[in-house]
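Next come the chains, spelled out residue by residue.
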Amino acid sequence: MNKRKKAAEKEISYAKWGYIFIAPFFIAFLVFQLIPLVQTVYYSFFEYYRSGLTVIGPNPVGFDNYKALFESDFLKYTGNTIILWIAGFIPQIIISLLLAAWFTDVRLRIKGKQFFKVVIYMPNLIMASAFAMLFFALFSDNGPVNAALISAGILKTPFRFLSSVSGTRGLVALMNFLMWFGNTTILLMAAVMGINPALFEAAELDGCSPRQTFFRITLPMIRPILVYVLITSMIGGLQMFDVPQILTNGKGSPDRTATTLIMFLNNHLYSKNYGMAGAISVILFIICAILCLLVYFNLNPTESDRKTGKKGRAARKEAVNG
Amino acid sequence: MAGITFKNVVKTYDNGVTVIPDLNMEIKDKEFVVLVGPSGCGKSTTLRMIAGLESISSGDLYIGDRRINAVPPKSRNIAMVFQSYALYPHMSVYKNMAFALELAKTPKDEIDRKVKAAASILGLEPYLDRKPKALSGGQRQRVALGRAMVRNPEVFLLDEPLSNLDAKLRTEMRSQISKLHKRLGTTFVYVTHDQTEAMTMGDRICVMKDGIIQQFDTPQNLYDYPCNLFVAGFIGSPQMNFIDAKVKKTENGYALCFGDTEVAMDKEELAAYEGKEVICGIRPEDFHAEKHFFHGNNVMEAYIDLDEMMGSESYLYLEYAGQKLIARVPARYAKKSEENIKLAIDTEKIHVFDKESELAICH
Amino acid sequence: MDKKPSNIRTIIAYIVLILLTFLCLFFFYILIINCTRSHQQIQSGFSFLPGKSFAQNFNNVIHDAKLPVLSGIKNSLIVSSCSAILATYFSALTAYGLYAYNFKLKKPAFIFIMLILVMPTQVSAMGFINIITKMGMINTLYPLILPSIAAPAVFYFMYSYMQSSLPLELIEAARIDGCNEFKTFNRIVIPIMKPALAVQAIFAFVQSWNNFFIPALVLQENSKRTLPILIAMLRSADFLKFDMGKVYMLITVAIVPIIIVYIALSRYIVAGVALGGVKE
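Protein chains in written order, with the working numbering: chain A, 3 to 324; chain B, 228 to 590; chain C, 2 to 281.
Please keep in mind that the hints were generated in silico from the structure rather than gathered at the bench. C-beta atoms are modelled at their ideal positions from N, C-alpha and C, and glycine is treated no differently. Some clues are possibly wrong.
Ranges of calculated distance between the beta carbons of each label pair, as one might list FRET restraints [to be verified]: (1) Ile29(A) to Asn242(B): 42 to 50 Å; (2) Arg109(A) to Glu546(B): 44 to 52 Å; (3) Lys335(B) to Pro168(C): 45 to 53 Å.
With a straight-line cut-off of 25 Å between C-alpha atoms, the simulated PhoX-like cross-links for lysine-lysine are [said to hold, decoys possible]: (4) Lys360(B) to Lys257(B); (5) Lys67(C) to Lys360(B); (6) Lys67(C) to Lys253(A); (7) Lys195(C) to Lys253(A).
Reference excerpt, derived from the structure (chain C facing chain A, CB under 10 Å, subset only) [claimed, not checked]: (8) Thr22; (9) His64; (10) Ala66; (11) Cys83; (12) Ile86; (13) Ile114.
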């Protein structure tokens, strides 16, 4: 009796449609990300590479790949990645905070805000590889930048940007900065504008100077989104690939000081050393998983739709970085 | 056309909460039934079960003779008007009204005829090409009604359709919906938490609380013979006064005693309560300040805490024997606050309730 | 009285802004100028004025025997458009499934997507190449298109947008009006989601258009390659022998269409970045 009714109930239950609608997402995720991830982890414990035309392995070797990894230049590349990321991120966050504060300061009455926003966000949409190629052409030994500097009398001989460590790293950082400061500015601006205006009015009545208002009111109020920007930018930094790859033609020159972790991974994938590629991926995955958890907990305690919405956008944008 | 029958209907949500424990109800064909109760009483769930938007955990639900537990909403021959109107924002008024007919593959000219007929009844002809965004609240409400009308349903379901409108418009739409019901001659089931809407519109009102029907009767009967304390308190504004009283045997029957007052109540039902405490319910308008109501022991003298002058009448907030009361008296007989006033109680209209079970003992 | 400090601050603000604007636009200005100049002109020095070799450079680029630019543009367009459509449609579908229905795995599914919200795809690249090789999709465009079905960040945007602008009563009204669940999604939900779909389609398109890491691993045949890979090929070719007009022209072809679309829709895009899932 009861069972018959249960069956009848199911006919107007909509639950199955929930499963049907989310199925494509999870199938695609399973096939193109989860199974590959499991395989990646699996092969990281195997000797599995190609030598000439012969394939060696897969032979289980335990943690040998990881040992080999730490004996190779892995740590150096980790250092490179961190340096390149920080060199771009510090100016990015400072300039973005400054611009966000200026754009939202009613007393400054900056005109053409929309124009500036459009301009500073534009580099974010540029193909990173094309942008790097452009920089390579512009900053090459006899490129327009050197030509301009010489004709202006600043330099006597061309400065070989791409043969110097700081020149190459500086260019990578500059490109990352240019590509991301507009995005961060817009996010921070939205966060500042989300603060109750009465708070600023109260601060003004209490005699806060613009500087004090910024440090005592604005910064603490937008802290969650700052944390978010920081973490997603770290993930973006870990993914850094296109710019240094194209700029240095995959060599990370000079002397592999511009080789990032993903470039390292890419080299192993190209040479079909799946064991080593797996080991790098697993370490990257562990770091990213920790950062993902931080993002999750940063997103979820703040129930406000406004904030989470913005963060969602930011997440997507940052995920593009690489 | 058809009535609606609930037989032992139970609704339990996935999280294990039972909102409707056992519902039995019969709504007659062409009847205007209002489901009323405080929020969370299960009235909306009941309506949504009729619509097929909520599944039924057990029991049987019929429209006419057809068991519809497993019939999808579109095949139930019902139409529903939502609280937020739920108009499709990307469609014009015309399209909104025509949508259901289009889905049912009705011929174009028939759709046109039906939409135009509904629009003319509701006065929507000038707005047919507009998008819902460009309409006022009242107009949107009418479009929602029109969308339901064109389908020519057996049952109209309305879920708090007026609660998003301002007070004046609400009164206007109230009469419009009542007229529509007469005109269409179909079954209407109307959910509201507003007892005024219920009283003015329903042929019968179903008062619900915690998923249980308290009383299902005509507005007049609900008002005059509430079956328990909850219904008595829920229907009527200002609320009925509840006074703790003691039943006493007198020479020619019984009396209810509270404070210095001793009101004669010649009801056999009170026999069982002799010497016990009961709750005595008196509606605010059953206190009378006019002299000709005063006869003997039905008069009490109360202190006026506050008086609210409403125009033709006054609401007096009284204190009597440590209890707060409200009386509604003609303005010219009222007195000012901080004075005492003598009031007669209409003994015919006293309701007596059991203190434990809260059920009515006699009226 | 109080005006002076604020005036100075305004001036500083404008100076910084103009500097940054210059920095953002200058490189593109040189790019545009140089793509209109011939190799000799470019080598002979820097100029602020455009040359006359635009058509010549363009012609050279698309007819280069070693660089299949035309098919690169075509491949890039196919991959980006399909990715944009799949990412937006299926993200909206997934968001709708989790927003409008109640089922046992609803919460775990949502939390799972939130956890992988910012997970980079590179970490599983090795297994990805492996699996698509086994599926016979190496050297085809499918592995660049199909994974877009699972785009967590687009999903999250759609979900937030639904919370703010898709009342559940609307879906119920559609059910009563006689829509089945797919029809409700396609005829009611999709039109309401249009603004969100448009913004996300642009972002998904751009992301796919610019994507380099995975396509470089997947596409090995010349005729299958997308624009970013062609740029990488150009970079690894012997640079000094190259016609610089062509180099600049290829970069222009890769980025200028995006810039034009961006300028045309900048208002919506910038608002999309700023507001995220919030309506209005």
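Tell me the numbers of any earlier hints that the structure contravenes, in ascending order.
Violated: hints 1, 2, 3, 4, 5, 7, 9, 10, 11, 12.
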